Amino acid sequence: MVWKGIFAGAKDLPFWAFAVRAVLLYTALIIATRFMRKRQIGILSGHNYLVAAGIVSLAAVRMVNPEASLTSGLVIIFVYAGMNILWSYLDIKWPNAIDRDAITLVKNGQVIKQNLYRSMVTIDNLLGQLRVRGAANLSEVAQATLEPTGKISVLKKPATMPVNRSQMNLPAKFTAQPVILVYDGKIDYANLSRLGYTEDWLQEQLRNKGFTGIKDVFLALLEPSGQLSVSV
Amino acid sequence: MPDIFSSLPELSPVGFGLRAVAVGIILWFASRKLPRRAGGQFAAFDFTFFWMMGGLIASPLFDSKINFVNPITAAVTVYVWHHFIAYLAVKSRPLAGMIYGTAIPLVRGGKIIRQNMKKELFNLELLLTQLRLQKVTSLAEVEEATLETNGEVSVIKKAHLSPVTPQDLNIPVVSGGEATVVIDDGKVLVDNLVKLNHSEKWLQEQLYRYGIIKVNDVYYAVIDSTGNLSYSVK
Numbered sequence: 001m002v003w004k005g006i007f008a009g010a011k012d013l014p015f016w017a018f019a020v021r022a023v024l025l026y027t028a029l030i031i032a033t034r035f036m037r038k039r040q041i042g043i044l045s046g047h048n049y050l051v052a053a054g055i056v057s058l059a060a061v062r063m064v065n066p067e068a069s070l071t072s073g074l075v076i077i078f079v080y081a082g083m084n085i086l087w088s089y090l091d092i093k094w095p096n097a098i099d100r101d102a103i104t105l106v107k108n109g110q111v112i113k114q115n116l117y118r119s120m121v122t123i124d125n126l127l128g129q130l131r132v133r134g135a136a137n138l139s140e141v142a143q144a145t146l147e148p149t150g151k152i153s154v155l156k157k158p159a160t161m162p163v164n165r166s167q168m169n170l171p172a173k174f175t176a177q178p179v180i181l182v183y184d185g186k187i188d189y190a191n192l193s194r195l196g197y198t199e200d201w202l203q204e205q206l207r208n209k210g211f212t213g214i215k216d217v218f219l220a221l222l223e224p225s226g227q228l229s230v231s232v
Numbered sequence: 001m002p003d004i005f006s007s008l009p010e011l012s013p014v015g016f017g018l019r020a021v022a023v024g025i026i027l028w029f030a031s032r033k034l035p036r037r038a039g040g041q042f043a044a045f046d047f048t049f050f051w052m053m054g055g056l057i058a059s060p061l062f063d064s065k066i067n068f069v070n071p072i073t074a075a076v077t078v079y080v081w082h083h084f085i086a087y088l089a090v091k092s093r094p095l096a097g098m099i100y101g102t103a104i105p106l107v108r109g110g111k112i113i114r115q116n117m118k119k120e121l122f123n124l125e126l127l128l129t130q131l132r133l134q135k136v137t138s139l140a141e142v143e144e145a146t147l148e149t150n151g152e153v154s155v156i157k158k159a160h161l162s163p164v165t166p167q168d169l170n171i172p173v174v175s176g177g178e179a180t181v182v183i184d185d186g187k188v189l190v191d192n193l194v195k196l197n198h199s200e201k202w203l204q205e206q207l208y209r210y211g212i213i214k215v216n217d218v219y220y221a222v223i224d225s226t227g228n229l230s231y232s233v234k
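Those sequence lines, one after another, are chains G and A.
For the first sequence, our numbering begins at 1 and goes up steadily by one.
For the second sequence, our numbering begins at 1 and goes up steadily by one.
Pulled out of the complex, with its shape left as it was, chain A reads as follows (with noise of 0.2 Å):
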């Protein structure tokens, strides 16, 4: 049997089957290895590394003749590199505006600043186009309008035309805010519970209300900000 992890003149489909087992183990290595940020694609920098990284695991499927271990060096050099300028870019803001680019004002006071949009390649349709996605009608409606270093454009409408708020009604406010899981596919988070200063039996006293004998039976529940418990059986 040939080694299928060295460069090989040619590899049978079984052989290629049993590289794409090899790179998918790697792939869950490589999937907790990676840095957040990137999914997120907040800058030029991200999107690059992550579709780099994607093509550098799968690329021993692509030919024979690459072998394992060039793509791995190849993927954790990138890997250190993103980690590096990463690194610098969070140390020192003014080296991330010059790696990451900085926002860019494209309506400031309700006006279109022209010379942004020109400078950042951006024509009045991409601009519309932006504002619609964020459910604006008009740029009647807008104040000021950003674009980030990721290419979507943040809105901020003019005051009079945002929604009204409970602070502005002087509305108490009786729920939202985060909620903290008790139960997990009929587990009990006994930790959470006891950060909350309650004990397992009080949870179980309180589903016993809502008719529900065996916490087994709850699939997941949830304390709000208010102390209220919500739950959803299998």
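If we strip away everything but chain G, and leave its shape as in the complex, we get (with noise of 0.2 Å):
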């Protein structure tokens, strides 16, 4: 009779149909984000936002609600984040008829002012995230523009920016992310082979760092420069 009750939706329901609920509706939105995929947890567009506000508090008002059917809740939170998907899936067909454009609100440290109006962003407003983003000087900024998600992306002129390797002729560097070769000392044959090194090599390297197991190792690192960063 419970159990109807909590699905169907009764006049009283005991507590812990409450936390039935809970877990089953937390679970649900759970799913629902992975299937929005990453741009609904980023929340980069108007729908996602409005989604992510409209889903949370749609989810709880049911939960705490004893007549409202828990069935229906979780039929809504996935047509609802269908729906999401749906305008995601047409912004990458039509991207202009589903997501707003980017303003530019400075050009080469110039505030446009047109801009600045029809947004409706304050000169206070702009300076201030110009501040947060490190240009505190309008002369530094090559543009800054207001993002369709809201945010301000800014620009700074090249010549402010911190000096590069190739402006001081410095010979390139091979770059990209470290690799995990050992976790919770268990070695990763599939990196560890994809790089084309041995285990043998591994431990000799951790030997030279003084690590006589790889048992001890809580992490190792395969560092682009050639070093090994380890963590017991």
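Keep in mind that the hints were calculated from the coordinates and are not lab data.
Hints are supplied without guarantee of correctness; some may be wrong.
Claimed, not checked - Which chain G residues stay away from chain A? Per the calculated CB distances, all over 10 Å, these: (1) L25; (2) I30; (3) P178; (4) L206.
As the list claims (entries may be wrong) - Partial list, computed: chain A residues near chain G (C-beta under 7 Å): (5) A20; (6) G24; (7) F29; (8) S31; (9) F62; (10) A86; (11) P94; (12) A96; (13) G101; (14) S154; (15) P166; (16) I171; (17) V173; (18) T180; (19) D191.
As the list claims (entries may be wrong) - Label pairs and their computed distance ranges (CB to CB): (20) G:A102 with A:R93: 22 to 30 Å; (21) G:T104 with A:S92: 20 to 28 Å; (22) G:N169 with A:S230: 31 to 39 Å.
Since the model is a prediction, treat every value here as computed from it, not as a measurement.
Just so you know, even glycine gets a beta-carbon here, dropped at the ideal spot from N, CA and C.
The two chains are supplied separately, each in an independent frame; assemble them into the complex guided by the hints.
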């Protein structure tokens, strides 16, 4: 009887029924968010942000209202997530029809007044965002853009950016992500062989660093410079 | 079949599914009309709008008794009100200060301004957290720190600790700046090419030099401020 009430809704439910509902709705939200992909987590466009704010509150409201049906709640979460996925999919096909475009607020150190007014960003909001992004002076700014996400991106003029290697005529260096070779005492053989190294090589490297057994190593990363960084 | 758009004492899961589709269509319309700045949450008023709007749009899914007309009325009203306040703020700087709050100096000349920290209910731990997030290790590196209207802290490092720039070393800058997209998913953006005084034929010749015969094979191509073409194939 109680279980029927949990799913269909009832006048009154015991307290543990809400624990069951919480587990089911929360799990459903996790699954739905995985379907909506990373752009949902990053809240990258208008429909993403409305769904983010809406789907959470509707799940919470339905969770605690005993008369609301849990079945309906689960249906709603997946249909609403489905609509969100539909808009994201159409956004790939017709970017201009689904999401808004980016608006340039500053170009070559000049604030563009009409764009500031059009997007209703005040001058103090703009200067504050420039400060937060490390471009306190307008003369350093090559371009500031109000992105469709609502965030302001700032491109500094190259002459005001930190000096890079090519400007100092330094030779190029190999850059890449470090690769995990050992995690929690276990060798990642796939990574090791992909890089063309053997287990013996790794053992020797670790011995050189003073680690006798792989079991003692929590994490070993091979950095692009060739250095092995080890945590125990 | 009951009218799913009006207030109902009860609604089946299928009815709620249909409602979710209808709300999804309203969602698209609303997302097109949203004020951009709300997503950036530059001030408390954007933050409120952001979360309230999402809840309002989805509210016919909260309860079968909630119809479509009431939430839409509320959403439109909040939107108009947000627009009106934002308009006032963008027109008048003193009003903006009252509505959004102003940026509060927390550190000036390397010294923490204690009464401002108190006024903003900011403790030392919060300030240090914000400094660490800005890759500042110690207060000794900070010339100025400001609490912005969105709650973030901006930092200006002491001059002798800021990174060396090409300007400081009198090095001429050879790259960087804004880039222009010329191919998007295999399609040539002729308008952008014309802006840079290039023709489609020129682009084809350039790509040919890199061994690309068909423009359609290029996923994305840009020309940077120094005129360099870079591309990514499909």
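Checklist entry - Does G:L25 sit more than 10 Å from chain A, CB to CB? => result G:L25 is indeed farther than 10 Å from all Cβ atoms of chain A, at 13 Å.
Checklist entry - Does A:G101 meet its interface restraint, that is, does its C-beta lie within less than 7 Å of any C-beta in chain G? => result violated (9 Å)
Next on the checklist: Is the claim that G:L206 lies outside the interface with chain A correct, judged by CB distances over 10 Å?
Outcome noted: For G:L206, whose nearest Cβ neighbour in chain A is about 31 Å away, the distance exceeds 10 Å, so it holds.
Checklist entry - Does the nearest C-beta of chain G fall within a distance shorter than 7 Å of the C-beta of A:D191? => result violated (14 Å)
Item to check | Satisfaction of the hinted span 20 to 28 Å by the C-beta atoms belonging to G:T104 and A:S92 | outcome: Hint holds: Cβ distance 24 Å, inside 20 to 28 Å.
Next on the checklist: For the restraint on A:S31, tell me whether the closest CB of chain G is nearer than 7 Å.
Outcome noted: A:S31 check passes; min Cβ-Cβ to chain G is 3 Å, inside 7 Å.
Item to check | Interface exclusion of G:P178 relative to chain A, criterion Cβ beyond 10 Å | outcome: G:P178 clear of chain A: closest Cβ-Cβ about 19 Å, beyond 10 Å.
Checklist entry - Given A:F29 was flagged as interface, is its beta-carbon under 7 Å from a beta-carbon of chain G? => result violated (10 Å)
Checklist entry - Is the shortest C-beta separation between A:A96 and chain G less than 7 Å? => result holds (5 Å)
Item to check | Restraint satisfaction for A:F62 [CB to CB of chain G, less than 7 Å] | outcome: Interface hint status for A:F62: holds (5 Å vs cutoff 7 Å).
Checklist entry - Per the CB criterion, is A:A86 less than 7 Å away from chain G? => result holds (4 Å)
Checklist entry - Given A:T180 was flagged as interface, is its beta-carbon under 7 Å from a beta-carbon of chain G? => result violated (12 Å)
Hint violations for this structure: numbers 7, 11, 13, 18, 19, 22, all remaining hints satisfied.
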